[in-house]
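Asks: What follows is the residue order along each chain.
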Amino acid sequence: MKQNLTVGKVIGTVLVSLFAVLCVLPLIYMVAVSFTDSQSLHIRLSDLKPDLSNYVYALTKRNFGLALKNSVITVVGSCLLVDVVSTMAAYGFEKKPVPGKEALFQGYIATMMIPGQVILIPMFMMMNQAHLTNTYAALILPMVGAFGIFLMRQFMVAVPNELLEAAEIDGCGELRRFVTIVIPLVQPALITLTVFTFNAAWNNFLWPLIINTRSEMAVLPVTMSTLSSNSTTNYGMVMAGATLTFLFPFVLYIFLQKQFVEGIALGGVKG
Amino acid sequence: MQKTFFSRRRRQALIGGAYILPSFVLMFIFNVSPIFLSIFYSFTKYDMTAAPVWVGLDNYIKLSQNKYLGNVLTNTVQYVLITVPIQTILSLLIAAFIAGSLKNRYGSFLRSVIFIPVIASLIASAAVWDTMYKPDGGLINQFINLFGAPSVNFLGKKPTALPSVAAVSIWKSTGYYMVIYYAGIMNVSTEVQEAAIVDGASPIQRFWYITLPILKPITYMIVTLGIIGSFQVFDLVYKMTGGGPGRATLTVAYMIYSYAFQDKRMGYACALAVGLLVVILLIHLIQTLFFKERDAK
Amino acid sequence: MKRILATLLACVLLLSCMSFAAAEDKKTLTVWIPQYQFSKAEDAISDQDFWDGVFDPFEVENNCEVKVEIVGWGIYGDTFFTSLVNEDGPDLVYVTDNYDLVKRDLLLGLDPYLTQEQKDNVILWNTAPENANGEKVIVPMDDGVAIGYVNKALLKEAGLDELPVEWDAFIEACKTIQEKTGKRAFLQNWGATSGTSALMLAFWPYYFQAGGKMLNDQGEIDINNEAGLKTVEFLKSLLDAGIFTEDIVTESESVDKFAAGEVAYIVADLNKGNSAFTPAGIDWEYVFSLKGPAGYGARTATDSFAVNKKTVARGNDELAVKALMYITSGAVMDEFHSKIFYLPPFTKDASFVKDEALYALTSAHSEDVYVVEEFSAKKSFEDTLLANIQEMFQGNLEPQEVLTETMDYYNTQLKEN
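Residue numbers (my numbering), protein chains in the order written: chain A, 1 to 271; chain B, 1001 to 1297; chain C, 2001 to 2417.
The following block holds chain A by itself, in its conformation from the complex:
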């Protein structure tokens, strides 16, 4: 029995390890090819040299620097906006006697079922009429959604009412209570929400493609997809673009691994 267990454990470990290799292999391949200057895919090991020309080209001639800047601004703006708006809403929903709030909350939840394509076209027209095309606002404002509010409310439940009441009796003002008591208590959830928003905002493709048509306002995934042309593909260049798109979240992940993984886990288990 014991013998069986260890054999199973070894086999399991090997299988899971293999899967882990499969997970990163495409990304390693991506980086490897990005160092080649090749129009054909018959890449030999000898083609792999530290040739940075694809990166230099992408950054200097294809606006990747600008796109990186746009992506970072969009992501930072989105995270701030979503965090602030969702936390405020969750607090209002959970802790304040607003008439009709449950019905409104159910309405919010229902919007989570709406596929993005349904709202894409009217949103494009609205943004256009509001002269918000080719702005960061067009990318940031629609990031607020029911998920964040729902998630924050789940955590808001755990904020003890007694604490808030005691603070109020002590003469602590409304805003001060929100900022000094509520926000620190829901901080883990805020990190979760930030991770989700970061991932969504960074990887958004179709919406930025449609709404921000000027190249100076393009975000990384859009700029990346301009690299392929009709007749020839320089794989090295495309892979360099993909690597640049991947690099920023990856570095962040290395440093904030725990927050990423736990954030997603918390969101999943709670949500």
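Possibly wrong hints are sitting among the right ones.
Claimed, not checked - Below, a sample of chain B positions facing chain A; criterion: calculated Cβ distance under 7 Å:
(1) N1031
(2) A1120
(3) C1270
As the list claims (entries may be wrong) - Under the rule of at most 30 Å between Cα atoms (straight-line distance), these lysine-lysine pairs were calculated in the BS3-like manner:
(4) B:K1157 - C:K2175
(5) C:K2152 - C:K2291
(6) C:K2348 - C:K2213
(7) B:K1158 - C:K2236
(8) C:K2354 - C:K2156
(9) C:K2236 - B:K1067
(10) C:K2309 - B:K1045
(11) C:K2027 - A:K61
(12) B:K1157 - C:K2236
(13) B:K1158 - C:K2257
(14) C:K2156 - C:K2236
(15) C:K2067 - A:K61
(16) A:K61 - C:K2322
(17) B:K1292 - A:K101
(18) A:K61 - C:K2354
(19) C:K2103 - B:K1062
(20) A:K258 - B:K1103
(21) A:K9 - B:K1103
(22) C:K2103 - B:K1067
(23) C:K2348 - C:K2103
(24) C:K2180 - B:K1157
Derived from the structure by calculation, the hints contain no laboratory data.
Using N, Cα and C, we set each Cβ at its ideal position, and we do this for glycine too.
Given chain A, put chains B and C in place with the hints provided.
Replies: Only chains B and C this time, still in chain A's reference frame:
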């Protein structure tokens, strides 16, 4: 006393309203009103330049005659049947194994590694996998050729095209679900587990009778997310296949995009989008009933 | 507390700045041009640098600022229409499909701004589409025929002196080439994800060679005719003869394969010979086109430059037209054609010819060049036709079904009525 209580309550309600207001404005503008606009546009002929012209049910009648909708639906069902079971079971098994047998640094390292594809953008992932699938020198075919087997044209042949696109989706989401399952399993109280061990339950029995039922809400969520996601596949198709070969990988999202932004027929595209919404709501309904019924048993 | 407030404030400021930054009272002209510089060589001037340089004297002379934005081809078709619907679209724009733009009156009528002399200078002026007032709305540029390239070494290896161009003979020759050399005889980009780019090279030329007309008497697309059938049957016979395989639907890199010496014949744009095949050491020569039942046939497409109608409201219209005439002038285009991308001259004052042999060949065949015309929902039509031809290659449709299905779907679902 009574009076001040009410005014306090009213004051609190007002303050609460102020907290909710920003979200309400944004949600109303960007999540709710577009739905009604979509429904409105779906009864019109609209090209973004001139004002919409009311055409009644024309778009829906046309839609009901669209012979390729069947293709798209079949594709989506196939896509769901490939991705959802594999990514759900795979992520569950990996999470359960790491939680049960690899609660050490190597285990947490593996979790971190398996999570990496989650942070890669879809459009970049599509470009990478597209390159790997190339029949002529792509990484996967180079590997296949090592064994003397001929190259497979993954994205160019009907039987393999859709599964190949689905594989990218599985690759990208397994880590995500695995992390959620892992947290769920860690939440299973150790007392229950230990009691089961005392009762002589094998690890598999424990997994089957204790862990799995507790994970049911998570599974429900993962399956729901997987199905909804499958109806909205766009980036992968846009970058890898354009819906081909033939219509093997055509999706609703891609169709909506091409009707709207290639042909400038917003009304018709909105009708398709509203149709998609109805289908998703129906599936959600069926799924809720299904899970409820199972609960009742 | 302060931190939160400051953050909030910063947020609001950030958003408001971004939305209202555009309101400046200064003559700035925005120009959209797609990427044409495909060379990564160090000494290759980038599109951006090239156009910025071109506009330097123009900016001084007209006391304005010209902002050139280079847009990648990968998304060009997806974005330039929406950008013209936008309030803040470019003033001067390079246009690929003009049907929707003309029909929706998004382009400025050019006639009132131009002298007769300026109009006469544009070779294709008379063919340009007009708005409801009968004014021309674009300056069409000849963006060159798609031309055949043959690998002479492979031809020789197969024991052929030259490539037979009549359809039947061509198929036989291809078989010989594949037998004798073990290499692919003929490759087409049937795997392109965009129907438009696939059909440009792989369908329309044969359709013209079969004598097909794109538009019927009502001005609507119709390919369900004898020429259409002959064309699709020809493609099928290439499949049946083992020249095309079902694999070709992802091998969109036919140019790369030809440059690697792995293919004997391809059809590509007229720049590829000098820019890709010669540097790769391929011994190649031009073939104008194959020869179908109705003779030779190559396709050209007219891309164009146009002015956004919304420019009038900005008071930039005269300046924009001036810039339009400036960049399409012979002097600027000769520069462009010699430094960035070669295309045949499209104004009479342009003179740069890169390749005399090519020029002689296309001049001799000037009667055999056909324009791919514009019609409603063209992109989706082409996607549908491509999908149906791919279905045929996978053995799911017969040639006649390809045509019937495509036209049925177009007439019932795609076409505007």
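Asks: All hints, please: hold or fail.
Replies: Here is what the structure says about each hint:
no.: 1; hint: N1031; result: 4 Å, holds
no.: 2; hint: A1120; result: 5 Å, holds
no.: 3; hint: C1270; result: 6 Å, holds
no.: 4; hint: B:K1157 - C:K2175; result: 24 Å, holds
no.: 5; hint: C:K2152 - C:K2291; result: 19 Å, holds
no.: 6; hint: C:K2348 - C:K2213; result: 29 Å, holds
no.: 7; hint: B:K1158 - C:K2236; result: 18 Å, holds
no.: 8; hint: C:K2354 - C:K2156; result: 28 Å, holds
no.: 9; hint: C:K2236 - B:K1067; result: 24 Å, holds
no.: 10; hint: C:K2309 - B:K1045; result: 23 Å, holds
no.: 11; hint: C:K2027 - A:K61; result: 26 Å, holds
no.: 12; hint: B:K1157 - C:K2236; result: 17 Å, holds
no.: 13; hint: B:K1158 - C:K2257; result: 24 Å, holds
no.: 14; hint: C:K2156 - C:K2236; result: 27 Å, holds
no.: 15; hint: C:K2067 - A:K61; result: 16 Å, holds
no.: 16; hint: A:K61 - C:K2322; result: 28 Å, holds
no.: 17; hint: B:K1292 - A:K101; result: 27 Å, holds
no.: 18; hint: A:K61 - C:K2354; result: 26 Å, holds
no.: 19; hint: C:K2103 - B:K1062; result: 23 Å, holds
no.: 20; hint: A:K258 - B:K1103; result: 16 Å, holds
no.: 21; hint: A:K9 - B:K1103; result: 12 Å, holds
no.: 22; hint: C:K2103 - B:K1067; result: 28 Å, holds
no.: 23; hint: C:K2348 - C:K2103; result: 29 Å, holds
no.: 24; hint: C:K2180 - B:K1157; result: 28 Å, holds
In the structure shown, no violation is registered for any of the earlier numbered hints.
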